[in-house]
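Peer 1: Given the coordinates of chain A, assemble chain B onto it according to the supplied hints.
Respectively, the protein sequence lines represent chains A and B. Each residue of the first sequence is one higher than the one before, starting from 1 at the first, in our numbering. Each residue of the second sequence is one higher than the one before, starting from 1001 at the first, in our numbering.
Calculated directly from the structure, the hints in this document are not laboratory data. Glycine included, every Cβ here is placed at the ideal spot set by N, Cα and C. Any given hint could be a false lead.
Cβ pair distances, simulated, as ranges [to be verified]:
1) Q70(A) <-> L1048(B): 33 to 41 angstroms
2) Q82(A) <-> V1025(B): 46 to 54 angstroms
3) E88(A) <-> L1208(B): 33 to 41 angstroms
4) P1113(B) <-> G63(A): 28 to 36 angstroms
5) S85(A) <-> S1111(B): 23 to 31 angstroms
6) P1113(B) <-> Q82(A): 26 to 34 angstroms
7) M214(A) <-> S1111(B): 33 to 41 angstroms
8) E59(A) <-> M1049(B): 21 to 29 angstroms
9) G13(A) <-> G1204(B): 57 to 65 angstroms
10) S1111(B) <-> N78(A): 41 to 49 angstroms
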Amino acid sequence: MTDSGAAIIAVAGLRKFYGSHEVLRGVDLTVQVGEVVVVIGPSGSGKTTLLRCLNFLEEYQHGHVYIDGQLMGYRERNGHRQRQSESEIAKLRTEIGMVFQSFNLFPHMTALQNVMLAPMMVRKLPKAEARERGRFLLEKVGLADKINGYPSKLSGGQQQRVAIARALAMQPKIMLFDEATSALDPELVGEVLNVIRQLADEGMTMVIVSHEMMFAREVADRIIFMDEGLVVEEGSPEAIFTSPRTERLRTYLRRFAYNEAVVISAAPP
Amino acid sequence: MDVTVVVDGWRLMGPGLAMTLLVSVSVMILGLGIGLLGGLTLLYGPRLMRLVVRGYVDFVRGTPLLVLIFLIFYGIPAVGIPVPNFVAAVISLGAFAGAQISELVRGGISSIPRGQTDAAMALGMTFWPRLTQVVIPQAVARTLPPLVNTTVEVVKGSSLVSLVSIVELTLATEQVVQRVQRPVPLYIAAALMYFVVNFIVSSGGRRLERRFAF
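Here chain B stands alone, though its shape is the one from the complex:
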């Protein structure tokens, strides 16, 4: 009985799940881009840029994700730029992920012992070859576990964009519940779907970790 409700609800929840995945992937791409730039700026950038990134990171990390989403969702049109809901949602979650990943990149790179850069410098290597051949490959293995955490938070955080009318999994589930009035099996199903997605992310992360370990 319970299962039929879920199977019927799949017509809406399926696309909802697809939207959740679309949002999550887009956010992680944006977040990784921002995070890499942000982290490198925090470590090596000119003082002014460092302060800007620091301000951004501290502000975003001190603000509830939902408030951030509303702020960007209402704020961007308010300055005269019309953006589709989806874009606003991805920007706000992307800002959240980008702030976290900036810190992860900064932490990961600075955890590599000074001796590694000493050796690379002594061999006559300049900044970018040192960073890309010696430092970053070692930092990746260390940064993967917290990066997996961030990805899981993004997937879970994507449920909040239901509040700005994006029909991802949570909102889709709500819509089905409103029609058939069977919340429990439906929300159990939604929870399981989130769990499966995040479980795949975590396992994938563990496999990547093994690949980069030395």
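This is chain A alone, in the form it adopts within the complex:
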């Protein structure tokens, strides 16, 4: 941890293997309170794996992940590392909210029930309070009229916004977004990005994995470019997009410049 106490996420020397394949090859990352970090990179670069290691949905073999000063997933005794108990890990996870590419809403529950479940089960919130919090959050994401709707009746953008409300209901200190708009039809992407932008403006600490370059440029305090399991370059959005230092980043960005040029040239005059 480089900064004395403000780093709410501190990752050092993170290495993860799937069998013999090394997916994360020594990743370092710090995130300050209130910072919005966007992780970009080609598929297979390990961005999603890195994100999932932060809340220990993936186990890591070497290195450290500190969440709010606490080691995530392991206990260290006399230099020996032991896996934390399920309830210890679950407790740490309550500080972190996660939004998934495939939404993962509970299909047998209404939007409101989805949002209410964890506060009641995990934080032991009384039903009435959970319901109020749920209504407030669903209204905040613009779905006041859909609180009793089942996920199967909601559009992708609406489902994802419910998923964001559900994660926020646990009042986490950190929000993780794993390609939150990648599975959405283009016209639905904006409504979700608006919610994410609003959270950023409100000062939420966020780590976002995304392909939405224009959005990343707009909302990020810092951008991390990953390739083949390592952080290759990081910096402010201006530095990353206007003066990339490494060849790999330049190659990666060229792909998006082409796409954006196509979109811009197709736009009405």
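Peer 2: Below, chain B alone, put in the same frame as chain A:
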């Protein structure tokens, strides 16, 4: 003419049907208990327990039901535990149902997408709340159709316990046939009674499916 025979035979066949129902219900209760435990063990249990359940399931599913019934019926007293015929019958059919249901529970739960447990874990939910609030409610709808099949097989399989002297519907029908020597109408009646029971089971299953669908 045919119908009179059946109506007279009802004095024995009625109680026989009641016994069939009693056996079937008892077996399904036992089978569901074993199946739930077995399925959860196959998915989440320690390695040794998993091997034990796997062995049990494979053995039972590879053995003809009648052989299983005889094995338990003669086997349990052979190790010195006297059990009434009814209990032996229910245990053997229960073992059969339990093996099938273990597989159904295992299959049903593992068919729930990983993303559901991911989301529940990310929210800070521990194992049992995840299982009971998120996974099992979704698995129930998927498991109901094969569970109905198992129930129907149990009802039909109960006819085999006639061979260990339990007077359920099949044996009762035999007894009437022996007396009045009119097998055809009597066995038609017995078949119809089995059909009605199983039809009620299937319809009930369909109604439950609709209730649990989302």
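Peer 1: Need the list of violated hint numbers for this structure, in ascending order.
Peer 2: none
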